[in-house]
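Chains as they are written, first to last, in numbering that gives the first Met the number 0: chain A, 0 to 397; chain V, 0 to 359; chain R, 0 to 187.
Bear in mind the hints are in silico, worked out from the structure with no lab data behind them.
Among the hints, erroneous ones may be present.
Said to hold, decoys possible - What follows is a set of in silico ranges between Cβ atoms, one per label pair, in the way DEER data are often shown:
1. A:P39 - V:Y69: 38 to 44 Å
2. V:V65 - A:E234: 56 to 62 Å
3. A:N205 - R:E65: 55 to 61 Å
4. V:G67 - A:S79: 56 to 62 Å
As the list claims (entries may be wrong) - In silico EDC-like cross-links for lysine to aspartate or glutamate, where the CA-CA straight-line distance does not exceed 16 Å:
5. R:K85 - A:E32
6. R:K47 - A:E234
7. R:K87 - A:E329
8. A:K207 - A:E161
9. A:K233 - R:D79
10. A:K75 - R:E141
11. R:K146 - R:E65
12. V:K162 - A:D51
13. A:K352 - A:E32
14. V:K162 - A:D30
15. A:K257 - R:E65
16. A:K63 - R:E65
17. A:K75 - R:D35
18. A:K53 - A:E74
19. R:K146 - A:E74
20. R:K146 - A:D348
21. R:K10 - R:D35
Computed from a prediction, not measured in an experiment: that's the story for all the values here.
We treat Cβ as the ideally placed atom computed from N, Cα and C, and that holds for glycine.
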Amino acid sequence: MVNKHDVKKRMRQLAAEYIHEPQQEAYKLDDTEMMLHIGPQNPIQPGPFLIDLKISGETVRDSKLYMGYGHKGIEKILESMTYIQGLPVTDRICYLASLSNNEAYVSSVERLLDIEPPERSQYIRVIMQELSRIQSHLLGTGEYATDLGFVTMFLFMIREREYVLGLIEDITGARITHCFPRFGGVREDLPDGWREKAIDVLSMINEKCEMYKELFSSDRTYRMRTVDIGTLTKEDVIKAGLTGPALRATGIDYDVRKVYPTLTYPDIDFKVQTAKKGDIFNRVMVRINEIQESCWIIEQALDQMKPGPLFPDELPYGRRTPSMRVPPGEAYVPVEDPRGEMAMYIVSDGTDKPYRVKIRGPAFALMQGLPPMLENVYIADVPAIAASMDSCNSEVDR
Amino acid sequence: MLEEQMDILLGILYTILGNDYWWGPWIRGVIGLCAMGGIMVAAMFAVWLERKYASDIQSRIGPNRVGGKYGLLQLIADAIKLFTKEDIKPDKVDGPVWAGAPILMFGSALLMIIAIPFGAFIFNGVTYPLAVTQFDISILYLEAVSAIGIIGIFMAGWGSNNKFSVIAAFRNIARMIGYEVALGLTIVSVVIVTGSLNIVDIVEAQGSVIWFAFVMPLGFVIFGVSLIADMGRVPFDQNEAEEELIAGWGTEYSGMRFGLAYFAEYIHMVLGSCIAVLIFLGGWNMPGFLVDLHIPLIGLLPAGIFLAKWVLVMMFVIMIRWALPRIRIDQVTSIGWKVLFPLAMVNLVWAAMIGLVWPW
Amino acid sequence: MDELTVLDSLKSQFPDAVADALIDSQPPHIVCANVDKGKIVDVCSYLKDNLQFNRLSGITSVDFPEDGKFEVVYLIASYDHSVIVKLKAEVPRDDNPSIDTVIPVWWNANWYEREVYEFMGIYFDGHPEMTVLVLSDDMMGEWPLRKDYQEFPQTTAKYPYSDDQESIVEEKYPLEWKSWPTERHYLE
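Please model the entire structure based on the sequences and the hints provided.
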């Protein structure tokens with residue numbers, strides 16, 4: 000049992016040390032202004048971050064973003080683990096898109112090892128990437144809908160996401176952190192009967208996406224909240240260095256799958272989804288269009304796949320060797336995450352552990368570009384804009 | 000034969016409830032308390048209906064464990080949970096203001112009970128409305144008392160000593176000022192047509208001709224929108240918007256204080272739907288041909304009709320909540336003042352013209 | 000825009016500032032070059048203005064304690080073509096390593112440079128706001144990603160809270176309530 004008086008004494012000590020807000024330079028306020036801290040435990044997005052808003056009435060005059068509440072030191076951890084031990088760690092950089100993180104890591108190490116996975120593994124990896132993209136977009140758009148008060152859309156999208164997660168679980172065995180690709184191939188092949196099940200699920204998701212697009216476009220109150228709000232022009236987006244759906248909604252068609260094609264993306268025919276105006280409404284539409292495009296990509300990949308080996312014949316060190324030594328060099332391979340361009344810059348010095356791993360995540364640029372977007376905006380628009388950018392706090396903090 | 004027995008029964012009722020003996024007013028007080036209890040049960044039903052209907056819209060199953068397969072006693076379990084929570088009073092709140100706010104909200108909702116007739120029994124062509132009292136200015140009284148709840152929410156927002164609550168309180172006042180005007184104007188237009196402020200007269204006026212919803216459809220639509228704004232439900236629930244304001248005015252409340260306020264909101268929804276049914280949708284009026292059929296105990300049917308209409312109105316209100324997103328506060332006030340207020344004035348003129356030709 | 004064009008124009012424009020320029024043999028064919036520390040802003044503005052490299056992908060740093068240097072790596076890409084350029088600038092590993100900031104060229108270099116500063120200690124001259132980004136406020140000055148950072152538990156499992164070892168962590172963040180009173184004192 001803790002003594003109540005000890006607790007009170009400690010609280011008084013802490014209160015005496017705390018620098019009162021108006022004395023800090025950043026917090027000088029007018030008479031009409033108020034400082035609102037949407038604090039680390041915030042309902043806006045998954046993951047803790049602090050956003051300070053200086054408001055006057057209901058308009059935001061200034062905003063400041065504080066990150067770092069979820070810092071895990073992944074880059075330092077990866078320096079003390081072997082390459083194969085580091086693979087589950089990269090899962091947890093952004094848990095919603097863990098297959099893309101794995102893919103970036105494994106592709107970079109494969110460049111260093113100078114091996115290339117055979118064709119069947121490449122097709123399986125493409126299928127997993129697209130499935131991960133579908134489920135991440137469904138969850139991101141659903142969470143954005145709750146931030147507007149539109150709870151029913153969230154529950155609809157979660158319902159579809161369960162089917163997709165069931166498909167992923169059939170192959171990888173996990174719903175959220177998969178750790179599926181391996182250096183030179185993938186861990187397991189597609190199970191029997193998966194292909195027919197996948198085609199059913201994907202056609203259902205295609206229909207439901209048509210319904211979502213219609214629900215979003217025809218709802219008058221939804222359009223009042225999202226059209227022409229949080230607009231980004233092409234110059235803003237290029238200045239902020241964004242990638243992903245937030246960039247494509249302004250009309251620039253830049254997709255890592257077309258610009259730096261890896262795996263078997265050149266053989267698959269798909270369109271890059273863009274929109275004309277970079278407001279919230281169009282960003283969400285781009286994401287839903289991307290879900291439909293991913294369904295089409297998976298169907299093509301399933302058609303084009305042929306039976307074959309999963310690993311190349313001459314692997315330098317076998318599939319599961321923990322003490323695999325990687326030749327010295329540097330590698331950087333960009334991969335299309337659901338949020339943008341994801342890459343890992345790996346420096347190796349010839350031993351069995353990496354020398355330096357730098358994780359270049361897409362959410363970093365999205366978070367950096369958020370405070371300039373929040374000028375002269377109502378308080379009620381702040382969660383809508385922040386959620387429509389669909390960034391992931393654990394990827395920024397690593 | 001049946002009519003004589005009804006006369007004897009009515010005589011007994013008048014003796015018990017009348018002022019002839021000393022126990023009359025006390026028994027009427029007890030009946031008032033029972034009415035209060037009945038309203039609580041109705042609010043419980045409203046909560047259950049909302050949870051089940053919402054889960055139906057969202058393609059899931061709602062509460063299905065407590066109280067049988069349909070989860071009918073779920074609210075009792077929630078109330079027990081709220082009662083047994085620790086009562087946390089933050090250090091810096093403004094004591095009486097903070098503590099008095101849920102009481103004020105609950106009280107204003109309960110004050111509305113005494114003037115609303117929840118259906119009626121019709122025997123021998125005489126209507127006995129099931130209201131605790133009837134008085135001549137009942138509709139004016141109802142609107143006035145429902146506005147006291149706003150003061151309660153503002154007290155909650157101000158007394159909590161919390162920036163989020165204060166913003167919520169400001170938004171609330173802005174919303175209510177705009178929509179009370181439109182609400183009042185539509186009620187005034189109904190009163191103009193009827194010629195009396197007594198709510199029983201309004202229902203009977205509809206019984207003689209046709210429902211007011213068909214007479215002034217514009218007024219009905221305005222009344223519907225203003226009622227949903229008055230109740231503080233989505234799309235007008237900016238004062239408790241979770242994403243920006245972390246539960247708005249209710250941020251510092253926990254346990255039964257929060258339970259009181261939450262319950263008060265549902266009671267307000269119940270009573271608001273009752274008023275909508277009474278004023279615009281014909282109240283308890285039966286179609287005329289049923290009276291002529293002389294079915295025994297047909298006099299009890301109007302109460303059932305009232306109940307059915309009330310459930311339909313509540314289901315409509317719940318459906319609106321779960322189907323639409325929330326709109327921003329500046330859009331709320333602009334709709335209230337720029338759209339609803341001029342239309343309510345137009346409706347007033349229309350009602351004045353109708354009132355000239357309305358058959359008394 | 001080809002990798003060879005970029006390589007040739009870089010070599011011809013900055014013959015002494017840029018050294019060891021080559022192209023990776025594997026896709027994506029990255030143009031790598033070592034840049035002199037003082038000329039980094041000139042090279043970057045040249046890349047942005049003349050060769051349309053309008054996207055900064057990232058700024059990182061690598062620590063080489065044996066060679067006595069830090070390497071600051073700039074990964075530069077473009078929205079208009081598909082060439083990636085990797086520039087490496089050497090910063091000597093002394094008491095105040097510093098380099099010029101490239102914020103005038105690309106606006107989004109802001110957070111990348113803050114992160115490099117808080118992890119490695121390389122100061123960027125001209126940066127408007129050098130504070131912690133991802134670490135906590137009291138960890139500024141510890142440069143966690145350097146190779147000689149002591150307070151990181153090694154994976155060959157030395158558990159830092161054993162009884163016979165003096166732990167660095169306990170010194171810095173002492174536990175205050177070491178003894179829990181067994182009774183409540185109601186009358187005090």
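Practice problem: Compare the distance between the alpha carbons of A:K233 and R:D79 with 16 Å, and conclude whether the hinted pair is satisfied. | Solution: Distance ~13 Å between A:K233 and R:D79 Cα, so the pair holds.
Quiz item: Given the hinted pair R:K47 and A:E234, is their alpha-carbon gap at most 16 Å?
Solution: 14 Å, holds
Quiz item: Given the hint that V:K162 pairs with A:D30, does the C-alpha gap stay at or below 16 Å?
Solution: 15 Å, holds
Quiz item: Regarding A:P39 and V:Y69, is the given constraint of 38 to 44 Å on their beta-carbon distance met?
Solution: 40 Å, holds
Self-check item: Status of the given 56 to 62 Å range, CB of A:S79 versus CB of V:G67
Solution: 58 Å, holds
Practice problem: For the pair supplied as a hint, A:K352 and A:E32, confirm whether the alpha-carbon distance does not exceed 16 Å. | Solution: 53 Å, violated
Practice problem: Would you check the hint for R:K85 and A:E32, treating anything up to 16 Å between C-alpha atoms as holding? | Solution: Measuring from Cα to Cα gives roughly 46 Å; hence the hint is violated.
Exercise. Could you grab the alpha-carbon distance between A:K207 and A:E161 and see if it respects the 16 Å cut-off?
Key: 14 Å, holds
Practice problem: Sort out whether R:D35 lies within 16 Å of R:K10, counting only the CA atoms. | Solution: 13 Å, holds
Quiz item: Can the suggested window of 55 to 61 Å be confirmed for the beta-carbon pair A:N205 and R:E65?
Solution: At 57 Å between Cβs, range holds.
Practice problem: Take a quick look at whether A:K53 and A:E74 sit within 16 Å of each other, Cα to Cα. | Solution: Outside the cut-off at roughly 34 Å; violated.
Quiz item: Does the structure keep R:K146 and A:D348 at a Cα separation of 16 Å or less?
Solution: 14 Å, holds
Violated hints, listed in ascending order, are 5, 13, 15, 16, 17, 18; each of the other numbered hints is respected by the structure.
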